[in-house]
Amino acid sequence: MFIMVNGKEAIVIDPNDNEEGILLLQGKNVENVHLILTHEHFDHTLGVPKIQEKFPQNDLFCQEEAGRSISSKKGNNPMLIAFVLAEQDRTDGGDRYKDFKSSYRPYVLHADEIFGESAHREICGLRFHFIHTPGHSGGSSCVELGHYVFSGDSLLKEERTILRFPEGEKEKYENITLPYLRGLGKETIIIPGHGDPFRITESKFLWD
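Taken in order, the sequence shown gives residues 262 to 469; the numbers are from this note's numbering.
Worth flagging that the hints you see were computed from the coordinates, not collected in a lab. Using N, Cα and C, we set each Cβ at its ideal position, and we do this for glycine too. Take the hints with a grain of salt, since some may be wrong.
[Stated by the list, open to error] Here are the in silico distance ranges between beta carbons for each label pair:
no., residue 1, residue 2, range
1, W468, V369, 38 to 46 angstroms
2, Q318, K359, 17 to 25 angstroms
3, R382, K289, 19 to 27 angstroms
4, A347, K269, 40 to 48 angstroms
5, C385, K335, 32 to 40 angstroms
6, D353, G444, 34 to 42 angstroms
[Said to hold, decoys possible] In silico lysine-lysine, DSS-like type, Cα no more than 30 angstroms apart, as pairs:
no., residue 1, residue 2
7, K269, K335
8, K431, K447
9, K315, K334
10, K465, K433
Using the sequences and the hints, build the whole thing.
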């Protein structure tokens, strides 16, 4: 989850279930929250209901396929991701799946605005460029802010992007998303959905 505050307004990208984030927004006396999703997977949307409850003045923006997915409990079904957590637990003895199963509750979301292949928006005085980057999911997108790019799960530093979910498409990732990412400037700073920011030239798998 990434938070940017400007006076009484804030931008929250990929809200997860993070109480510290809520407290930060409340501590800054934020009144209006602009929610942005890089894609529809539950670990990038789970915090939306709580933020909407705490901050009634809010709006939600995402790619149109992500918007369709989050609008139903079936679309928000995280069972495949839960399977991945269980596989990781079997590898290292963790409790990710158990923790997830005990805390997850089904939910439905409504996007106030969606975009197709690309869009420009000014939010909180900042100029964003949104680009549809399918592959990890049907509704995946990257969010450009100057030379920073919020990549969601479309690009990670040390891991390959997972393309095996039902809505994932290897062909679109290779033909649409990879050319876009490889065309970004070498000074681009990637802010991924998981892990620390990194310079795009540090990506382990983008160039192979």
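Outcome of the hint check:
1. The beta-carbon spacing between W468 and V369, approximately 40 angstroms, falls within the hinted interval of 38 to 46 angstroms.
2. Distance hint for Q318 and K359: a CB-CB separation of about 36 angstroms, inconsistent with the stated range 17 to 25 angstroms.
3. Distance hint check for R382 and K289: the Cβ-Cβ separation is about 22 angstroms, which falls inside the suggested range of 19 to 27 angstroms.
4. Between A347 and K269 the beta carbons are some 42 angstroms apart, a value that agrees with the proposed interval 40 to 48 angstroms.
5. With their beta carbons about 33 angstroms apart, C385 and K335 fall inside the hinted range of 32 to 40 angstroms.
6. Taking 34 to 42 angstroms as the suggested C-beta distance range, the pair D353 and G444 conforms, at roughly 36 angstroms.
7. Distance check on the hinted pair: K269 and K335 sit about 35 angstroms apart at the alpha-carbon level, beyond 30 angstroms; violated.
8. As the CA atoms of K431 and K447 are separated by approximately 24 angstroms, the hinted pair is consistent with the 30 angstroms bound.
9. For the hint pairing K315 with K334, the CA-to-CA distance comes to about 22 angstroms; that is within 30 angstroms, so the pair holds.
10. Of the supplied pair hints, the one linking K465 and K433 holds, its CA atoms being roughly 20 angstroms apart against a limit of 30 angstroms.
The structure shown violates the earlier hints numbered 2 and 7.
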